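Trainee: With the hints as constraints, model all of the structure from the sequences given.
Going by full-length UniProt numbering, the letters in the sequence shown line up with residues 1 to 614, in that order.
No wet-lab data here; the hints were simulated from the structure.
Hints are not guaranteed to be accurate.
Unchecked claim - Derived EDC-like pairs (lysine to aspartate or glutamate); straight-line CA-CA distance at most 16 Å: (1) Lys547 - Glu584; (2) Lys197 - Glu500; (3) Lys568 - Asp553.
As the list claims (entries may be wrong) - Pairwise CB distance ranges (calculated): (4) Glu111 - Gly6: 54 to 64 Å; (5) Thr542 - Leu216: 58 to 68 Å; (6) Pro332 - Glu79: 24 to 34 Å; (7) Thr219 - Phe364: 28 to 38 Å; (8) Gln9 - Glu506: 40 to 50 Å; (9) Gly233 - Thr80: 55 to 65 Å; (10) Gln462 - Glu111: 56 to 66 Å; (11) Ala468 - Leu563: 19 to 29 Å; (12) Leu551 - Pro332: 20 to 30 Å; (13) Leu551 - Val525: 17 to 27 Å; (14) Ser113 - Gly6: 24 to 34 Å.
Quantities reported herein were computed from a predicted structural model and do not represent experimental measurements.
Even glycine gets a Cβ: it sits at the ideal position worked out from N, Cα and C.
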Amino acid sequence: MEQQTGKYQVRILGIEEYRALTACQSACPVGTDTKRYVSAISRGDYEKAYLIARQTNPLVSVCSRVCTAPCEKSCRKGETGSPVDIRALKRFACDQHGAASTKRVVQRLDELSRRADWVSDRAGNHVLNLSRQVGKARTKQAAAAQGARVAIVGSGPTGLAAAHDLALLGYAVTIFEAAPHAGGQLRSGIPAFRLPKDVLQKEIDAILELGVELRLNTTVGADLTLTQLREEGYQAVLLTIGLQDPMRIEIEGTGLRGVHTGIDYVRNHDKIELGRSCLVIGGGGVAIDCAQHAVRQGAEQVMIACLESWETMPASRVEIEDAQEEGITFHPSLGPQRFLGEDGRVTGVQFMKVASIFDGEGRFNPSYEPDSEHVIRVDSVILAVGQASNLASLKGLEGLEVTPAGQIKAGDDMSTSLPGVFAGGDVRWRFARNATEAIADGQKAARSIHGYLRGEALNVRQTGHMRALPADFLNTRCDTIAAARIPKREAQVRVRTREEITLGFEEKEAREQAARCRQCSIQTVFDRSRCLLCGTCVDTCTQGTLKLVRLEDIEGDERLAQLTAALKKGAPGTRARTAIIKDESRCVSCGMCARRCPGGAITMAEFNLDEEWE
1 MEQQTGKYQV RILGIEEYRA LTACQSACPV GTDTKRYVSA ISRGDYEKAY LIARQTNPLV
61 SVCSRVCTAP CEKSCRKGET GSPVDIRALK RFACDQHGAA STKRVVQRLD ELSRRADWVS
121 DRAGNHVLNL SRQVGKARTK QAAAAQGARV AIVGSGPTGL AAAHDLALLG YAVTIFEAAP
181 HAGGQLRSGI PAFRLPKDVL QKEIDAILEL GVELRLNTTV GADLTLTQLR EEGYQAVLLT
241 IGLQDPMRIE IEGTGLRGVH TGIDYVRNHD KIELGRSCLV IGGGGVAIDC AQHAVRQGAE
301 QVMIACLESW ETMPASRVEI EDAQEEGITF HPSLGPQRFL GEDGRVTGVQ FMKVASIFDG
361 EGRFNPSYEP DSEHVIRVDS VILAVGQASN LASLKGLEGL EVTPAGQIKA GDDMSTSLPG
421 VFAGGDVRWR FARNATEAIA DGQKAARSIH GYLRGEALNV RQTGHMRALP ADFLNTRCDT
481 IAAARIPKRE AQVRVRTREE ITLGFEEKEA REQAARCRQC SIQTVFDRSR CLLCGTCVDT
541 CTQGTLKLVR LEDIEGDERL AQLTAALKKG APGTRARTAI IKDESRCVSC GMCARRCPGG
601 AITMAEFNLD EEWE
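Mentor: Below is the structure:
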């Protein structure tokens with residue numbers, strides 16, 4: 001409610017604005033009802049916490065370990081201190097409950113949803129909504145589509161999420177995977193000290209229990225073509241082949257022995273000799289993973305060099321901190337110029353100091369400081385500078401539009417230039433960049449395939465409502481609890497045992513940290529017929545959230561104009577009108593204004609949003 005042109009700028013909130021206020025949930029690609037599973041943890045209801053987190057995410061335990069946590073980056077508490085550790089709390093709920101059968105999850109959600117005290121936002125990909133769709137076919141054509149066969153190429157997070165949703169919708173789903181194990185990059189690209197493979201396998205098994213068929217060691221493009229898939233009766237195909245090939249840097253010496261790519265190293269690290277000293281080139285999470293693998297393999301000196309500065313390095317601060325604890329050293333703002341070698345084996349890398357990474361037009365075009373050459377001596381080098389698509393995997397898909405970089409062109413609905421062929425995940429143009437975004441791609445693809453096979457587009461209907469909270473509601477603790485560090489194993493221990501780095505919160509600490517959440521979906525609802533215009537609410541609020549102003553001193557959007565016009569029409573003779581305006585950026589949902597209001601004009605209420613497919 002900034003004051004411009006002498007007046008306060010005010011908006012009347014609608015569904016989208018209320019939704020945006022819960023910034024953590026809005027930032028989640030799969031729409032996880034973050035604030036409610038965190039609240040359930042604070043109350044000790046761990047089954048409810050797990051079910052809420054699980055209801056929109058078939059790989060919830062995986063994401064509780066490897067998600068990049070956009071929810072935490074958006075948490076409003078981060079503006080004034082430390083955000084709530086939402087991902088760690090999700091892990092706590094998952095570890096308390098354990099991976100559950102999808103059918104059991106649906107059954108429990110169905111039972112609990114009939115209780116008056118069960119409240120949770122429902123996204124369109126909510127498992128209960130999906131399971132009920134089978135009985136909602138409105139036409140014979142739509143009913144006949146149920147049971148149609150769908151082929152999914154690739155068993156990474158996109159393929160698994162799509163298979164999960166399509167199976168719940170009643171389709172016969174087959175996943176074709178070129179590797180001997182399912183999971184895609186979750187299995188082959190993320191080390192076990194970040195994502196234990198038994199955690200991944202349990203969630204894959206829960207998806208397969210829905211009747212999804214998995215064909216391993218089967219490469220579409222080599223063993224099978226699109227024509228053959230159609231001949232086998234598959235009416236829709238989803239391509240989720242990822243980016244299987246490493247990106248390479250074209251400089252002198254890349255062919256020397258001892259120079260490895262990040263993808264090859266992570267997949268085959270136990271077969272690669274690194275020597276005493278190892279240098280990783282790259283500044284992202286994969287580079288950190290490679291360096292930590294190298295430490296666990298016994299390399300005595302492990303270094304990371306990257307083009308980016310400390311401030312712009314894409315790896316998270318937590319990942320960098322973990323690496324430093326394990327003795328890994330960083331060399332930011334360095335660009336490799338050539339690899340040095342003797343007798344065909346790498347012995348060092350010549351670098352120059354980076355002046356800038358992008359040119360004046362924002363294009364990737366590194367420039368270097370003159371006379372800044374220097375050499376780092378090493379026994380091995382790992383190039384972790386990105387991934388590229390493998391066009392050979394698209395053999396037999398003639399007519400499929402791809403970008404010059406080899407990614408598949410697909411719309412926001414995941415449809416491609418070929419009828420009945422969809423694409424999602426990293427191989428899709430505008431590709432997903434983390435596991436949760438890849439899962440969201442799979443869910444969107446499932447929705448689009450469902451509409452395609454039914455022969456009618458799906459619409460998503462949103463409804464929002466406020467649920468009044470008890471009169472004694474109080475949330476004053478949220479801003480008095482200090483943030484705690486997420487527990488993890490000592491560096492020497494985790495390097496020796498190769499166990500998971502993080503340990504997760506103990507129960508007492510989890511409940512306390514969950515209580516830090518402001519519950520941003522909770523709002524103040526004003527009843528103007530009860531308001532005494534006494535200003536008690538304004539005086540009570542320690543955050544400076546509320547103001548009592550003249551109606552003439554505010555201006556805003558069309559909805560505000562309609563409201564003020566209606567007020568003037570209802571009381572045409574009234575000269576002085578007063579408004580209470582609220583600064584949402586300051587409110588901590590403590591409920592003190594409602595408790596102190598002498599007229600009972602303020603009610604604390606929780607905003608709910610439901611999405612249903614029609």
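Trainee: So, for every hint listed, does it hold in this structure?
Mentor: Here is what the structure says about each hint:
Annotation: proposed proximity of Lys547 to Glu584 holds, straight-line Cα distance about 12 Å (limit 16 Å). Our distance criterion of 16 Å between C-alpha atoms is met by Lys197 and Glu500, whose separation comes to about 11 Å. For the hint linking Lys568 to Asp553, the alpha-carbon distance of about 15 Å falls within 16 Å, and the restraint holds. Here the CB-CB span from Glu111 to Gly6 is close to 57 Å, well matched to the stated 54 to 64 Å.
Under the hint 58 to 68 Å, the C-beta atoms of Thr542 and Leu216, about 60 Å apart, fit the expected range. At roughly 27 Å, the beta-carbon separation of Pro332 and Glu79 lies within the given 24 to 34 Å, and the hint holds. The hinted window of 28 to 38 Å between Thr219 and Phe364 holds, with their beta carbons roughly 32 Å apart. Take Gln9 and Glu506: their Cβ atoms lie about 46 Å apart, and the range 40 to 50 Å holds.
In this structure the supplied range 55 to 65 Å holds for Gly233 paired with Thr80, their Cβ-Cβ distance being about 58 Å. Between Gln462 and Glu111, the C-beta spacing of about 25 Å breaks the proposed range 56 to 66 Å. Look at Ala468 against Leu563: about 22 Å separates their beta carbons, and that is inside 19 to 29 Å. In this structure the supplied range 20 to 30 Å is violated for Leu551 paired with Pro332, their Cβ-Cβ distance being about 55 Å.
Our hint of 17 to 27 Å for Leu551 and Val525 holds, since their Cβ atoms are close to 19 Å apart. For the pair Ser113 and Gly6, the supplied restraint of 24 to 34 Å is violated, since their beta-carbon distance comes to about 50 Å.
Of the hints listed earlier, those the structure fails to meet are numbers 10, 12, 14, in rising order.
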